[in-house]
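Just so you know, we're using the UniProt record's numbering here: the sequence shown kicks off at 1 and counts up by one.
Hint data in this document are derived by calculation from the structure and do not stem from the laboratory. All C-beta atoms in this analysis are idealised placements derived from N, C-alpha and C, irrespective of residue type, glycine included. Take the hints with a grain of salt, since some may be wrong.
[Said to hold, decoys possible] Subject to a maximum C-alpha distance of 30 angstroms in a straight line, what follows is the list of computed DSS-like cross-link-like pairs (lysine-lysine): (1) Lys134 - Lys186; (2) Lys165 - Lys186; (3) Lys134 - Lys165.
[Unchecked claim] Derived Cβ-Cβ restraints for the label pairs, each shown as a range: (4) Ser89 - Gly36: 23 to 31 angstroms; (5) Glu258 - Thr466: 47 to 55 angstroms; (6) Arg215 - Gly78: 17 to 25 angstroms; (7) Thr287 - Ala136: 50 to 58 angstroms; (8) Gln461 - Thr135: 51 to 59 angstroms; (9) Thr179 - Ser89: 58 to 66 angstroms; (10) Glu212 - Asn441: 47 to 55 angstroms; (11) Thr287 - Gly78: 25 to 33 angstroms; (12) Glu258 - Thr135: 23 to 31 angstroms; (13) Gly467 - Gly205: 55 to 63 angstroms; (14) Val24 - Thr126: 47 to 55 angstroms; (15) Gln451 - Phe26: 20 to 28 angstroms.
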Amino acid sequence: SILKSICIDSIWNRVCRALGNLAVDFQNNQIIHESGAVSSLVQILQNSQDVGCLQSCLRALRILGDSPAHRLSICQQGGLAPCVQMLTSPNSDVVCEAVRAVCELSRACSLECAAALNPAVPTLMTLASEEQGKTAVRQAAFGTLCNLCIQGALRPILGNAGLIKLLITEATAVQQSPTRCLPVVKALCFCCREAVNRVRVREHGGLELLLELLRSFQYRSVHYRIIVAFLYYCYDNAALSFLVSSGLTLVLAERLEECMWAAEERRCVKTPMEALDEEEAEEEGSTSYDFPQETRKKREQGGSSEESLRSWLLSEGYITSLDDLPPESIMERENREEPTRTMLSPPGKGSQKVSQKRTQMSDQLCFSSPSDQSCQSPIKEIFASPSLQGPPSPAPSVVYGPEFPILLLLSRFSQLSDSSSCLVSPPVLKGLLTYVTCHPNPSDQAARILQRLTSDPLCLQAFIRTGSICTLRARLLLQESPDGDEKERSRHPKRARKLGKR
């Protein structure tokens, strides 16, 4: 009430400082948000000219953004726009407080936050690149840019602004301090999801840096992210050649064994939902912007893809009405809508209507003449094709564990023209064989990699030269463990013997 009734900068300043002090406590923070004080703070930022008042107000907003819900609330009430304007203030203290507020409010960056901070990217790049400026300002600006990398819609813009080179330089400089380097590595891994930024990462030495971090035990928490980042280069032949020559396959074999021992200790395998990340599920909007997803609002306005296709066919004159479409596609739509109607309608009349409609439709299909069933246009042939009728066949079982991207990369390497040089070696084969024989629930992908290598005539010489044929026979057919280690004895003897006979 004081903020709304009094328009004096000195009083505003004291109230903002008090709110900031109170907001340190979570319960007080929640009460302040519920009281509607955020909108008053935003108005103060827009109207006040006092430097001290602006600093106190920016500090209060920064402390109030202590959770994703509170940060989203501040963003929706227009709290980021005045903070962005303060980044260009002539007063250095105001700029310092503004960039700290922006850095805090952009954590777990939402789409609304990214849209509000999009105009501030050049200013943030300037602040992050200034070596002569304050350390706090530079670190806060750099942290904000790393937060923005979560949103795929902003990553091409950030790459064009020169952020890739800045990330690699900063990560190299603070590599000995994992606490400071981890957010930078995470942002760099996100930037590998778009083709335009992948080229920049490769050209500026980012692959060498990521591979070095993958070898380091200090960065074990981001090894999964780094491997997933390498997976985006699976169709970049230049990058694949560099990774192979740099010994990535040996590192992947080591990580595969680590995943196997970790699964052995847990005695369980991660589900597909848990395998998105070892630490946390990725934020919404972090997927590659090379294939942008339709916004929810557009989907609601445009309806489903099938309805859009039908509308387009009508507008272009390919069909004159929905009756021109074959009954198979209509029945499929009815079958999809039937469960929803059954759930929403009470038993009795609703279920009788649905069953009557299904009976009528089946009668039309069963007793129609052959001439009626024949397709009379290419459009009808498309809708009547077997691929559009009925649910798709279930996909084969896939183990979505932390080893999933490792196996995908090794599978891609096995498809290279000269896969023997990188995969047919004792360390790599040992990792694959240990995973296949000792993992509680091994993925079939590893067995397919071994089959592909043993079936490739170009790999025969490497198998003979390295003595790997004897290794395969001992591990798969004779069920021997390397060096007599009982821990590595096969847990799936029948499956291993079947694989060895192939």
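Hint by hint, which ones does this structure get wrong, listed from lowest number up? The structure conflicts with hints 5, 6, 7, 9, 10, 12, 13, 14 and 15, although it agrees with all the remaining ones.
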